[in-house]
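Student: The chain contents come next:
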Amino acid sequence: MMTNPGNRVTQGQFSFLPDLTDEQISAQIKYALKNGWAVSVEYTDDPHPRNTYWEMFGNPMFDLKDPAGILLEINNCRKTFPSHYIRVTAFNSTRGVESPTMSYIVNRPKKEPGFGLVRQECDGRSIRYSVHSYATDKSEGERY
Amino acid sequence: MSDIKNSDTVADDAKVDLEAEFNASNIQEVLDKLDRELIGLKPVKTRIREIAALLLVDRLRKKFELTSDTPTLHMCFTGNPGTGKTTVAMRMGEILKRLGYVREGHLVTVTRDDLVGQYIGHTAPKTKEVIKKAMGGVLFIDEAYYLYKPENERDYGAESIEILLQIMENNRDDLVVILAGYKDKMERFFQSNPGMRSRVAHHIDFPDYSAAELLSIAKLTLAKQNYRFSEAGEKAFADYLVLRMKLPHFANARSVRNALDRARLRQANRLFADAKKKLSKIDLITLEAEDVLASRVFTEGRTDADANGA
Numbered sequence: 080m081m082t083n084p085g086n087r088v089t090q091g092q093f094s095f096l097p098d099l100t101d102e103q104i105s106a107q108i109k110y111a112l113k114n115g116w117a118v119s120v121e122y123t124d125d126p127h128p129r130n131t132y133w134e135m136f137g138n139p140m141f142d143l144k145d146p147a148g149i150l151l152e153i154n155n156c157r158k159t160f161p162s163h164y165i166r167v168t169a170f171n172s173t174r175g176v177e178s179p180t181m182s183y184i185v186n187r188p189k190k191e192p193g194f195g196l197v198r199q200e201c202d203g204r205s206i207r208y209s210v211h212s213y214a215t216d217k218s219e220g221e222r223y
Numbered sequence: 504m505s506d507i508k509n510s511d512t513v514a515d516d517a518k519v520d521l522e523a524e525f526n527a528s529n530i531q532e533v534l535d536k537l538d539r540e541l542i543g544l545k546p547v548k549t550r551i552r553e554i555a556a557l558l559l560v561d562r563l564r565k566k567f568e569l570t571s572d573t574p575t576l577h578m579c580f581t582g583n584p585g586t587g588k589t590t591v592a593m594r595m596g597e598i599l600k601r602l603g604y605v606r607e608g609h610l611v612t613v614t615r616d617d618l619v620g621q622y623i624g625h626t627a628p629k630t631k632e633v634i635k636k637a638m639g640g641v642l643f644i645d646e647a648y649y650l651y652k653p654e655n656e657r658d659y660g661a662e663s664i665e666i667l668l669q670i671m672e673n674n675r676d677d678l679v680v681i682l683a684g685y686k687d688k689m690e691r692f693f694q695s696n697p698g699m700r701s702r703v704a705h706h707i708d709f710p711d712y713s714a715a716e717l718l719s720i721a722k723l724t725l726a727k728q729n730y731r732f733s734e735a736g737e738k739a740f741a742d743y744l745v746l747r748m749k750l751p752h753f754a755n756a757r758s759v760r761n762a763l764d765r766a767r768l769r770q771a772n773r774l775f776a777d778a779k780k781k782l783s784k785i786d787l788i789t790l791e792a793e794d795v796l797a798s799r800v801f802t803e804g805r806t807d808a809d810a811n812g813a
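In order, the protein sequence lines correspond to chains U and Z.
In short: position in the first sequence from 1, add 79, done, that's the working numbering.
In short: position in the second sequence from 1, add 503, done, that's the working numbering.
None of these hints come from the bench; they were simulated from the model.
Glycine included, C-beta positions come from ideal geometry on N, C-alpha and C.
Some hints could be false.
Label pairs and their in silico Cβ distance ranges [claimed, not checked]:
1) U:THR180 - Z:ASP777: 43 to 49 angstroms
2) U:GLY137 - Z:GLU672: 20 to 26 angstroms
3) U:ARG174 - Z:MET593: 27 to 33 angstroms
4) Z:SER719 - U:MET135: 29 to 35 angstroms
5) U:ASP98 - Z:PRO574: 31 to 37 angstroms
6) U:ALA106 - Z:PRO628: 25 to 31 angstroms
7) U:ARG129 - Z:GLN669: 50 to 56 angstroms
8) Z:PRO710 - U:SER172: 45 to 51 angstroms
9) Z:THR724 - U:TYR110: 53 to 59 angstroms
10) Z:GLU532 - U:TYR110: 53 to 59 angstroms
Modelling step: build the complete structure from the supplied sequences, incorporating the hints.
Tutor: Dropping the structure here:
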């Protein structure tokens with residue numbers, strides 16, 4: 080049985096939905112800006128679920144009022160890394176929170192090979208399981 | 504989104520109500536406020552009215568699906584110091600927002616320091632960051648002629664101008680750029696940057712204020728701070744203005760504001776020095792002739808600031 084038939088990586092918000100249009104992305108950014116969160120653009124070609132820290136595309140953008148500037152940056156990133164995963168993160172700097180409050184993928188490779196299950200035999204007859212991204216078999220930059 | 508657009512348009516033979524649209528935009532309210540709070544500045548107000556009319560008509564044309572390019576609204580304000588360039592720019596954001604031309608209508612004020620970097624590769628990100636902050640509103644570049652320094656060909660200002668030009672052309676929907684500066688220097692700036700001149704559609708010149716206008720400005724400023732002149736005080740201030748306008752470093756409304764600040768200082772001092780310790784409200788809000796006449800402009804023929812060596 081295939082658990083994820085489209086073989087799409089499902090991380091962050093909206094990842095079970097069809098890809099967001101630019102208009103929808105703008106609306107989400109607008110919501111983040113309304114709440115005073117700093118929005119940043121990040122990219123990676125290693126979408127392992129435990130790979131928390133993606134590369135930053137430019138600095139996080141503080142004090143913006145309008146989503147147009149961030150959309151500009153997203154499109155720049157898409158142009159530079161057309162087949163990487165790109166996500167938009169909103170950071171809430173309120174004291175005591177200080178963590179990302181929104182995060183969603185805005186660009187993904189055409190073909191996502193997905194993840195394989197790796198079984199490791201260890202002491203006795205016990206088995207350890209781990210997840211392995213097929214894409215990472217290739218070297219960085221050639222994965223997608 | 505396209506469905507919504509279609510429901511907004513009307514048939515070719517339909518009539519649209521200009522007045523209703525005008526009232527709906529609340530633009531009259533903003534224009535009235537402009538008339539009330541800004542003294543003089545006739546050419547500026549006329550141009551703002553024209554721009555408002557153009558945007559309104561554009562909106563009606565859209566209802567008939569008569570597409571035209573979004574008009575370029577990049578502006579250049581020239582004029583002497585203190586003629587209200589920044590104040591009008593601030594209003595511009597509000598007006599353009601009411602007319603639906605910009606989305607947020609905030610004003611980002613920058614000078615050369617905020618746009619131009621200090622080493623190779625520093626300028627582009629710096630300029631872009633400022634532009635991103637201004638998107639959806641108005642980017643006000645004060646003393647814009649400093650951006651271009653012809654005497655130093657390795658100056659990074661040119662790089663900043665290039666990025667600005669690109670954004671002014673490609674992101675017309677996202678932000679309005681207003682350049683400001685003294686007339687002769689801006690003229691030279693445009694001469695050496697013809698691309699900039701052609702992208703700035705509106706060149707608005709801010710005239711100097713007359714003495715009568717300055718007095719009205721003074722009274723308006725005082726009213727906002729809950730002060731007022733006594734009759735003699737007003738006369739003294741009118742005399743003061745005539746003298747002050749002849750002195751160097753006269754900065755129109757800004758000089759008036761500074762003069763008023765000093766008059767308030769002297770009024771407070773006078774109230775202290777007076778033997779009378781029970782003060783009425785009238786005492787507290789009235790600037791007397793002596794508060795104004797104590798100025799060095801009268802006694803020594805120079806400004807207080809000059810006398811202090813500042």
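Student: Determine for every hint whether it applies to the structure shown.
Tutor: Status of each hint after checking the structure:
1. U:THR180 - Z:ASP777: 43 to 49 angstroms: 60 angstroms, violated
2. U:GLY137 - Z:GLU672: 20 to 26 angstroms: Hint holds: Cβ distance 22 angstroms, inside 20 to 26 angstroms.
3. U:ARG174 - Z:MET593: 27 to 33 angstroms: 32 angstroms, holds
4. Z:SER719 - U:MET135: 29 to 35 angstroms: 54 angstroms, violated
5. U:ASP98 - Z:PRO574: 31 to 37 angstroms: Holds, at about 34 angstroms.
6. U:ALA106 - Z:PRO628: 25 to 31 angstroms: Between U:ALA106 and Z:PRO628, where Cβ atoms are some 27 angstroms apart, the hint holds.
7. U:ARG129 - Z:GLN669: 50 to 56 angstroms: 41 angstroms, violated
8. Z:PRO710 - U:SER172: 45 to 51 angstroms: Since the Cβ atoms of Z:PRO710 and U:SER172 sit about 46 angstroms apart, the hinted range of 45 to 51 angstroms holds.
9. Z:THR724 - U:TYR110: 53 to 59 angstroms: The hinted range 53 to 59 angstroms is violated for Z:THR724 and U:TYR110, with Cβ atoms some 41 angstroms apart.
10. Z:GLU532 - U:TYR110: 53 to 59 angstroms: 30 angstroms, violated
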